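J.: Residue numbers (my numbering), protein chains in the order written: chain B, 1 to 482; chain R, 1001 to 1464; chain L, 2001 to 2169.
Simulated from the structure, these hints should not be mistaken for lab results. In this text, all values refer to a predicted model and were calculated from it rather than measured experimentally. Check the hints yourself; a few may be wrong.
Stated by the list, open to error - Computed footprint of chain B on chain R, listed as stretches where at least three residues anywhere in the stretch have a Cβ under 8 Å from a Cβ of chain B:
| # | stretch |
| --- | --- |
| 1 | 1302-1311 |
| 2 | 1383-1395 |
| 3 | 1447-1455 |
Said to hold, decoys possible - Here are a few chain L residues that face chain B, going by a calculated C-beta distance under 7 Å:
| # | residue |
| --- | --- |
| 4 | ALA2013 |
| 5 | ALA2017 |
| 6 | GLY2044 |
| 7 | ALA2045 |
| 8 | GLY2047 |
| 9 | GLY2087 |
| 10 | PRO2089 |
| 11 | PRO2094 |
What the hints assert, rightly or not - Examples of chain L residues toward chain R, derived with CB under 7 Å:
| # | residue |
| --- | --- |
| 12 | GLN2005 |
| 13 | PHE2028 |
| 14 | SER2031 |
| 15 | ASP2032 |
| 16 | THR2075 |
| 17 | ILE2091 |
| 18 | ALA2092 |
| 19 | ILE2099 |
| 20 | ALA2108 |
| 21 | VAL2116 |
| 22 | LEU2122 |
| 23 | ARG2124 |
| 24 | MET2127 |
| 25 | LEU2129 |
Quick reminder that beta carbons are idealized off the backbone N, C-alpha and C, glycines included.
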Amino acid sequence: MNNGTHGHVGRAGAAGHDNGHAGHYMPQVLTKTPPEISREILAATRKVTPRYKLALAVTGGLLVLGIIGFAIRLSDGFEKFTPWAYTMATFAFILATAGAAPIVSVGQRMIRSHWRRPLGRAAELFAVAGILSTLLFIPLLLILPSADNRRSIWFEFPGAPHVYQILGVVGLAVLGLALLWVAAIPDLAARRDLDQPGAAQRWASRLSMNFRGTPRQWSVLRAGLRILGALYFMFYIWIVTIVAADFAHALIPGYKDAIFPAHQALNGLQCGLAATLVAAFLLKKFGGYNDFLTVDQFWSASKILLALSLLWAYFWASAFMIYWYGRQPQESVILRIFYAESYRVPFLISFFMLFLVPFLGLMWNNVRKSILGPVIVSCSILIGSFFDKVRVYVAAFQQGDVRADALHELHPPAISEVTPPLLPHAPDLMIIAGAIGGVIFLYLLAAKFIPPVSIWEVSEGTLYRKTVKFLKRSIMVMGKPE
Amino acid sequence: MQDRAIAGQNTQEVDRKINQDLLGNVLAAPMRFWLLLGFLALVVAMAGGAVGYMVNQGLGVTGLHRPVMWGFMITNFVFWVGISHAGVMLSAILRLSQAEWRRPATRAAEVVTVFALMTAIMMPIIHSGRPWRTLYWAFPYDFSRGIWPNVRSPLVWDPAAITTYLTSSILFVYVALIPDLAVARDRSTGIRKAIYSVVAMGWRGYPRQWRLQIIAGFLLSALILPVFVSVHSIVSWDFAVAQSVEGWHSTIFAPYFVIGAVLSGVSAVVTVMIILRYLFKWHDYITSDTIDSLGRLLVVVALAWFYFFALEILFGLYTLENSELALRKMQMFEPPYSYLFITFLLTAFVIPVPLWLFRSVRRSFLWMTITTILVNIGMWLERFLIIVPGMARKGDLTFNWSTYHPSIIEILIVIGTFALVGMLILLFSKVAPLIPIYDVKEGQILRDKITIGKVDVPAVKREE
Amino acid sequence: MAKKQVLGIFRTADNAALATDRLKEAGFAGSDYTVLTGSPYPEGAFGEETTKHRLYAFPFFGAAIGFSVAILLTTGTQVSYPLVTGGKPIIAVPAMAVITYEGTMLGAIIMTILGVLFESRLPRAVMGLYDTRITEGYIGIALNCPEERLQAADLVFRQAGADDVKHQK
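All chains, full assembly: derive it from the sequences and hints.
T.: Below you can see the structure in the form of structure tokens.
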């Protein structure tokens, strides 16, 4: 496995010291100079390979397919939930992956970890998918009845839930783009200065807004990123909470599961990190960023991924135990629908892929301290998460039709019937493929304009990490700025 | 962020000063130590008397009355289990994340865990009225009669979880203590030296032993973390699996209790550390940097706690069931619970969290003492408000409803538990250092700086 | 050939590191000596090899024991006293899982602690040559030395800047 030790990434003290044979782990320190970093990252950003073109064509094709599927679904109208069930699951999946990915960057930037530096932009770039998820959300919003005279977390609050839902989804998309843009200003300035004149250079020039890199500009940039990051995080938790509450929880009469939105939000963080690692792997392998994305990023991220996967299982167990113990009639029916009967297969897949694979894989340091290990686990998490969204949202949308009466009563009789599972139809499959392909398509496009490895953050990182001799070994010294 | 350098010309001077500062109380405690210990022992004795009186007279001397059969003592049980979550939260998570500022804080946090947990266990046992009988409710030992505990009851899960957590925490503290016991062995004489020699087990401090010590820190942290999460979850299930009490049967209880426990536990560690700082003059070890970092952590924990709190309330109200609405109305708007609810919200969240956003507050020992004590007042009330109002309305028929007023016996017992934990921590500080000596010394070896232009950035040597 | 211990006491880590080089030059093997310090130094700081241990096996072993005991206990007690409560099956897996989880973790933790002691070679009835100054910041190098080379070892330590050299009596 290539762990990126060639080029200018040196294992601390790899040469010249006599303890290399002793087998002590030595962290990697990037020894490139800032001009070298700028040059190499920009060269990789500009380069358009045949493989890139092929990927763009394939994902673009999928997007078109999705649009066709979407158009077919539009003919079903907005009276019933069932036709849109898989669209909802797809939307929830994109919200969980692309919507949560920027938090990987935000969170790590807040705690000033150095390993995040080459990884942050790969996460932030997912913000471009906000455009797609907003479009996907519109029909879903049209099906949802108002909060009047029914059980919801809004308690007949004026405008609820539509106004707050759309504000949330659009707000998240706008905040994500703002975060991506602000974090990329110094890199766009680098493109402005180092690119040949052309469309990309012109746009970079406009968007970098005459950024020159004065101490004041850097200070404002950092403060801006902190504020935007905190807002994005809070907005994300908020929007996942209300989406889960309105589009799943409130559609099932008698369902009362307070941890459910928090579980969905947690799954988002899990998927966001997984999506970022997969993107980083592809950037490393095929994008030309091999020297910057090293095993350190995957190793450090994998510890968080393991913790999130354990938490996922814990939240699941917290909910399951109460229902299993409670044994009220509606609790038993819900258990049968979600876990034991109707959606048993998606549940088993999601439990296996969201918990067992990450746990049994990442508990080994050898797997964590590799590139392929965390990436395989990330793929498992992404697949598991999709099935989890199918289980939750398709089951709920199905109930939206089966128990349509419950949507117009404050005290509807609780769910009592176990319905068979709802399988996807051709347009649903087209929408799923189109939406996922669309996210990748947009990501690929954006990654050719905004460097997917942050030049300024990587350059800054070289200031704070160095290798020194300590007695008879070499060791890394790591600075933490205030 | 890094600890301040301990002044000294060379390693020996620095190490000697660290030994002297941190072992000072072990070898020769100041008078104020004995005065405080005496006072706490007196309060504990008073509470002990109250317990004896209650055992002798029966539970009738408490304010417990049908249907409120869980009152101050169970509230106090949940509270102390919550406080016990400080140790692992700080020690394990900060060890795993290699946070440098953890060094002076870990042992005090672990010790708080052990003593808070011991105190917590006592509460349900005392509360049972016939403490000796709890043995065969909880442990499978009654071979002669063939009656076994009901493993389907959360009241049996509790002892399993708490015993595991307590055993693990004690062993964790002990293993990390061995190198420091060796320091005490090397600095003492006579019978003390003999005792320290036995408990230090012949520690010499060669690379293999240090390596194992460091790996043990990580490994045990990783193993205890899942136990720590399970303990308060299981405590929460004492309530949440029951359907007969309004407001309890909620899926969010487990993580909500855990995050609340972390909030109160970390706050308690801050309070304890500041008190120890003044008592033992540990100004070079527990610095503004340490409590600033803890303050930042508290902001994050408090916000997470608030999210779960909001979800708990929101989804409680969501059902619009009359009984649930009536309970929430009573909890929030009807005296005396309404006063307690407002106090709880103000002290646990509304006052401290905005204050912690200010760097000057986070770095002020006085403000951090005040705010962290406030949090724990709030968190104690939170547990009371979960337990008692629900129970007061437990019966189906209104004439079975009742209120609860704690008796002086219960109040004395609760006060006594605070004195007991304080006393046990002080006693511990008399036999072993409450700040890990070797950890602080390692911090001094690893501290470094990186010069960037005209700025010196604090740095640390990292093996990984 | 009888061996005796020699302990060199150094004021600085640099001198101690130098002494380890000199010992090697004088023909002593890495396994003949060990460095004694009052606080942990980064691994390899004195040129020592990576510590080989089997600590990671201990928790798995302990977990297996804890798991088995917990399963036996929860199943056995319920089967021995089969009283249905709360409409739950006698062998109620989710409820048993709670106690089994705790048992597994307890087994893992206890075995880890035992593993730490075992791998650290503790407890030791006889400590070997030692000096209390080590916990005061001095660095000790304890050497197992053939009797006929004791003088040579003493000289190596002193030339490397030892403050003091102690010999086993």
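J.: Give a verdict on every hint.
T.: Going down the list of hints, with the structure as the test:
no.	hint	result
1	1302-1311	holds (count 3)
2	1383-1395	violated (count 0)
3	1447-1455	holds (count 4)
4	ALA2013	6 Å, holds
5	ALA2017	5 Å, holds
6	GLY2044	4 Å, holds
7	ALA2045	4 Å, holds
8	GLY2047	4 Å, holds
9	GLY2087	6 Å, holds
10	PRO2089	11 Å, violated
11	PRO2094	5 Å, holds
12	GLN2005	11 Å, violated
13	PHE2028	16 Å, violated
14	SER2031	12 Å, violated
15	ASP2032	13 Å, violated
16	THR2075	9 Å, violated
17	ILE2091	10 Å, violated
18	ALA2092	5 Å, holds
19	ILE2099	5 Å, holds
20	ALA2108	6 Å, holds
21	VAL2116	4 Å, holds
22	LEU2122	4 Å, holds
23	ARG2124	3 Å, holds
24	MET2127	5 Å, holds
25	LEU2129	9 Å, violated
Taken one by one, the earlier hints fail for this structure at numbers 2, 10, 12, 13, 14, 15, 16, 17, 25, listed in ascending order.
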